[in-house]
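Please work from the sequences and hints to get the whole structure.
If you want my numbering, it's the position in the sequence shown, counting the first as 1, plus 284.
Everything labelled a hint here was simulated from the structure, so no lab data went into it. Hints may be right or wrong, so weigh each one.
Claimed, not checked - Simulated DEER-style distance windows between Cβ atoms:
1. R294 with F360: 51 to 59 Å
2. R376 with A290: 48 to 56 Å
3. D302 with V374: 39 to 47 Å
4. I322 with D297: 19 to 27 Å
5. Y372 with V351: 20 to 28 Å
For each residue, glycine too, the CB sits at the ideal point set by N, CA and C.
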Amino acid sequence: MTLSLADVARIADLARLDVTAEEAADVHGKLAAIFGLIDQLAAVDTTGVAPLAHPLECFAPLREDAVSERDERELFQSAAPAVEDGLYLVPRVVE
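Below, the structure written as C-alpha coordinates:
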(Lines of atoms letter the chains of each structure in order from A and count residues from 1; the text may use other names and numbers.)
(Lines give C-alpha, C1' and ligand atoms only; values in the text may rest on other atoms or scores of the structure.)
Protein backbone atom coordinates (compact mmCIF):
# COMPACT_ATOMS: atom_id res chain seq x y z
CA MET A 1 0.00 0.00 0.00
CA THR A 2 1.34 3.39 -0.90
CA LEU A 3 0.66 6.50 1.08
CA SER A 4 1.31 9.96 -0.29
CA LEU A 5 2.20 13.10 1.60
CA ALA A 6 -1.23 14.45 0.62
CA ASP A 7 -2.82 11.43 2.33
CA VAL A 8 -0.92 12.21 5.54
CA ALA A 9 -2.07 15.83 5.38
CA ARG A 10 -5.67 14.69 4.80
CA ILE A 11 -5.53 12.30 7.78
CA ALA A 12 -4.12 15.07 9.96
CA ASP A 13 -6.92 17.37 8.81
CA LEU A 14 -9.57 14.75 9.58
CA ALA A 15 -8.04 14.25 13.04
CA ARG A 16 -8.05 18.02 13.53
CA LEU A 17 -4.26 18.04 13.98
CA ASP A 18 -2.18 21.02 13.00
CA VAL A 19 1.02 19.57 11.55
CA THR A 20 3.85 21.33 9.80
CA ALA A 21 5.27 20.14 6.47
CA GLU A 22 8.32 18.79 8.31
CA GLU A 23 6.16 16.80 10.76
CA ALA A 24 4.02 15.46 7.91
CA ALA A 25 7.13 14.30 6.06
CA ASP A 26 8.41 12.58 9.22
CA VAL A 27 5.09 10.82 9.78
CA HIS A 28 4.94 9.88 6.09
CA GLY A 29 8.32 8.14 6.38
CA LYS A 30 7.29 6.25 9.51
CA LEU A 31 3.97 5.15 8.01
CA ALA A 32 5.71 4.05 4.80
CA ALA A 33 8.04 1.86 6.88
CA ILE A 34 5.08 0.33 8.74
CA PHE A 35 3.22 -0.37 5.50
CA GLY A 36 6.42 -1.92 4.11
CA LEU A 37 6.51 -4.35 7.03
CA ILE A 38 2.85 -5.18 6.48
CA ASP A 39 3.55 -5.89 2.82
CA GLN A 40 6.43 -8.20 3.83
CA LEU A 41 4.14 -10.09 6.20
CA ALA A 42 1.42 -10.37 3.55
CA ALA A 43 3.95 -11.85 1.09
CA VAL A 44 4.73 -14.83 3.35
CA ASP A 45 3.15 -18.11 2.21
CA THR A 46 1.07 -19.40 5.14
CA THR A 47 -0.76 -22.23 3.40
CA GLY A 48 -0.96 -25.24 5.66
CA VAL A 49 -0.18 -23.26 8.81
CA ALA A 50 -2.83 -23.65 11.49
CA PRO A 51 -3.78 -20.48 13.36
CA LEU A 52 -2.73 -20.39 17.01
CA ALA A 53 -4.27 -18.71 20.02
CA HIS A 54 -0.95 -19.00 21.83
CA PRO A 55 2.48 -20.13 20.57
CA LEU A 56 2.86 -22.59 23.45
CA GLU A 57 0.60 -25.52 24.16
CA CYS A 58 -0.79 -24.25 27.45
CA PHE A 59 -4.22 -24.19 28.97
CA ALA A 60 -5.75 -22.05 31.67
CA PRO A 61 -6.22 -23.91 34.94
CA LEU A 62 -9.84 -24.59 35.72
CA ARG A 63 -11.38 -24.29 39.15
CA GLU A 64 -14.41 -25.96 40.60
CA ASP A 65 -17.60 -24.06 39.86
CA ALA A 66 -18.75 -23.63 43.44
CA VAL A 67 -20.04 -20.80 45.63
CA SER A 68 -17.13 -19.30 47.57
CA GLU A 69 -18.87 -16.46 49.44
CA ARG A 70 -21.74 -16.26 51.88
CA ASP A 71 -25.05 -14.75 50.79
CA GLU A 72 -25.09 -11.37 52.55
CA ARG A 73 -27.85 -9.72 50.53
CA GLU A 74 -30.02 -9.12 53.60
CA LEU A 75 -27.12 -7.42 55.38
CA PHE A 76 -26.30 -5.19 52.41
CA GLN A 77 -29.92 -4.26 51.76
CA SER A 78 -30.52 -3.41 55.41
CA ALA A 79 -28.47 -0.24 54.86
CA ALA A 80 -30.32 0.75 51.68
CA PRO A 81 -32.93 3.53 51.93
CA ALA A 82 -35.53 1.60 49.87
CA VAL A 83 -35.76 -2.10 49.02
CA GLU A 84 -38.64 -4.12 47.60
CA ASP A 85 -38.67 -7.86 46.83
CA GLY A 86 -34.88 -8.03 47.12
CA LEU A 87 -34.30 -5.15 44.69
CA TYR A 88 -32.90 -1.71 45.41
CA LEU A 89 -35.33 1.11 44.68
CA VAL A 90 -33.90 4.35 43.33
CA PRO A 91 -35.55 7.65 42.52
CA ARG A 92 -36.69 8.15 38.96
CA VAL A 93 -34.15 10.22 37.05
CA VAL A 94 -35.58 10.29 33.53
CA GLU A 95 -39.09 11.54 32.98
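Cross-check of the supplied hints:
no., hint, in the structure
1, R294 with F360: 51 to 59 Å, "holds (55 Å)"
2, R376 with A290: 48 to 56 Å, "holds (54 Å)"
3, D302 with V374: 39 to 47 Å, "holds (46 Å)"
4, I322 with D297: 19 to 27 Å, "holds (24 Å)"
5, Y372 with V351: 20 to 28 Å, "holds (22 Å)"
In this structure, every one of the numbered hints holds.
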